[in-house]
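Colleague: Sequence:
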Amino acid sequence: MRMDETTTITALGEGKHYKFLGVLENVRQDERLALACAAKEHLPRISIIWSSPLSDCNRVQASNQYALPVLLYLMWTQHWPLSELRDVDRAARKIIVENGGKHPASLISLLYLPREKGGRGLRSVEHEYKITKIKSLLKLYQNPDPTVEAVREFEEHAMASGHQSLVKKAAKYAEELNITLQIDTLNPVCVTTDGKVVTAARAGNLLKQSQEKQFLEIAKDKKWQEKLFRIRWEDESLSIASCFAWLKGWATCPTHTIAGMYELYEQLLPTKLYTKEKTQTSTVGEVLCRLCGKVAESVAHVLAGCSSLAQTKYLYRHNAALKILFFELLREHGLMEEVPPWYSPVMPKPAYQNTTSEAFWDIPIYAEHNEVRANRIDA
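Quick note on numbering: my numbering labels position 41 of the sequence shown as 41, and the sequence is numbered without any gaps.
Hints listed in this document are in silico derivations from the structure and should not be mistaken for laboratory results.
Heads up, some of the hints might be wrong.
[Stated by the list, open to error] Only pairs whose alpha carbons sit at most 20 Å apart, straight line, appear in this in silico DMTMM-like list of lysine to aspartate or glutamate: (1) Lys208 x Glu116; (2) Lys139 x Glu175; (3) Lys222 x Glu277; (4) Lys223 x Glu263; (5) Lys169 x Glu156; (6) Lys276 x Glu263; (7) Lys227 x Glu212; (8) Lys223 x Glu277; (9) Lys169 x Glu31; (10) Lys169 x Glu84.
[Stated by the list, open to error] Ranges of calculated distance between the beta carbons of each label pair, as one might list FRET restraints: (11) Ile48 x Ala351: 36 to 44 Å; (12) Gly249 x Cys292: 34 to 42 Å; (13) Lys213 x His318: 53 to 61 Å; (14) Ile363 x Ala105: 43 to 51 Å; (15) Gly204 x Ala304: 38 to 46 Å; (16) Ala201 x Ile48: 34 to 42 Å.
The beta carbon of each residue, even a glycine, is placed where N, CA and C say it ideally should be.
With the hints as extra help, turn the sequences into a complete structure.
Modeller: Okay, structure coming up:
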């Protein structure tokens with residue numbers, strides 16, 4: 001850039017840039033270039049994380065704390081097109097799918113739900129950008145600094161002139177979350193649809209809860225994948241936190257196990273019913289179970305309703321779960337000194353006995369006088 005006949009600022013020449021606070025600039029901020037450079041750093045980090053031997057919980061945490069901040073740092077000052085942010089999210093999900101992190105047809109909203117509510121806990125670039133813009137506006141209007149007041153006037157003038165404005169964008173993003181922003185100088189608040197008023201200091205929790213609610217509503221609209229999830233979300237006798245406690249508590253669980261469980265939850269196994277009704281790739285009209293031939297072959301049927309599996313796979317699964325409790329009872333009553341790990345293939349012996357207690361495992365009982373409703377009790 002030429003200042004006069006003798007002075008030229010080479011860093012401001014065409015096609016050249018310098019960095020200010022980590023942002024590439026020339027005579028003005030090149031926002032698209034900043035996004036492209038940040039995405040170029042963000043996506044390789046996602047690839048490294050999801051191809052690593054980390055557990056699923058640690059992969060998600062690393063994605064949120066190592067990869068996402070590359071973009072988060074810039075969001076406060078940049079105005080990026082949502083379409084390009086969705087492209088970044090889409091590219092990240094593609095990397096996760098390619099590394100076995102999720103089924104291609106798995107619900108996107110479940111990926112971004114918290115783990116305690118049945119999701120994976122990943123943070124979306126697009127939604128983080130929207131929340132950041134809302135927070136930026138709240139901070140802008142609660143700051144008494146005279147310099148910040150000039151920025152407020154600039155944003156209001158831009159909105160009145162029909163130009164791009166933080167005020168307009170933030171209000172739109174808040175409306176998508178069913179929140180109304182009431183912006184009064186030094187006292188901005190958020191108002192929910194039920195009339196609850198939340199101060200700017202507590203807006204972060206409200207935005208987070210509203211975003212989670214939105215993801216839940218999106219998931220519930222999917223008639224195929226959400227069926228088994230809806231049972232847990234809407235059954236008042238169940239605790240959602242307890243239903244999905246294993247997702248948060250089992251921090252060392254590998255990704256392929258989590259992905260496999262989600263395929264069961266979302267009914268994405270290649271059963272006859274799935275290929276005929278969901279993907280419509282089956283050329284055979286028959287959907288009866290290929291094992292028992294009695295009922296339509298669905299995930300629910302294969303897991304718990306097939307008569308051909310009742311005495312084999314179901315029985316083994318039943319015993320594997322019950323033996324954990326049985327071993328604990330044996331130790332409590334002094335019939336066993338050390339309990340095997342839950343994943344151990346060791347099965348209980350038919351009978352245990354000491355001077356005070358007796359315990360039996362899967363053996364028939366014959367009663368001479370008393371009524372016995374089941375002559376072969378589990379334990």
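Colleague: Each hint needs a verdict: does it hold in this structure or not?
Modeller: A quick look at each hint next to the structure:
At most 20 Å may separate the alpha-carbon atoms for a hinted pair to count; Lys208 and Glu116 meet this at roughly 14 Å. Distance restraint check for Lys139 and Glu175: the Cα-Cα separation of roughly 18 Å lies within the 20 Å cut-off, and the hinted pair is therefore satisfied. The hinted pair formed by Lys222 and Glu277 meets the criterion: a straight-line CA distance of about 14 Å does not exceed 20 Å. As the CA atoms of Lys223 and Glu263 are separated by approximately 15 Å, the hinted pair is consistent with the 20 Å bound.
For the proposed pair Lys169 and Glu156, the alpha carbon gap of about 12 Å is at most 20 Å, so the pair holds. As the CA atoms of Lys276 and Glu263 are separated by approximately 17 Å, the hinted pair is consistent with the 20 Å bound. For the proposed pair Lys227 and Glu212, the alpha carbon gap of about 18 Å is at most 20 Å, so the pair holds. Proposed proximity of Lys223 and Glu277 is supported: the alpha carbons are some 12 Å apart, at most 20 Å.
Distance restraint check for Lys169 and Glu31: the Cα-Cα separation of roughly 16 Å lies within the 20 Å cut-off, and the hinted pair is therefore satisfied. Our distance criterion of 20 Å between C-alpha atoms is met by Lys169 and Glu84, whose separation comes to about 16 Å. For the pair Ile48 and Ala351, the beta carbons lie near 54 Å from each other, so the given range of 36 to 44 Å is not met. Remark: the range hint 34 to 42 Å for Gly249 to Cys292 is upheld by a beta-carbon distance near 36 Å.
Take Lys213 and His318: their Cβ atoms lie about 37 Å apart, and the range 53 to 61 Å is violated. Remark: the range hint 43 to 51 Å for Ile363 to Ala105 is upheld by a beta-carbon distance near 46 Å. At roughly 42 Å, the beta-carbon separation of Gly204 and Ala304 lies within the given 38 to 46 Å, and the hint holds. Taking the beta carbon of each, Ala201 and Ile48 are about 37 Å apart, inside 34 to 42 Å as hinted.
Consistency note: the structure conflicts with the earlier hints numbered 11, 13.
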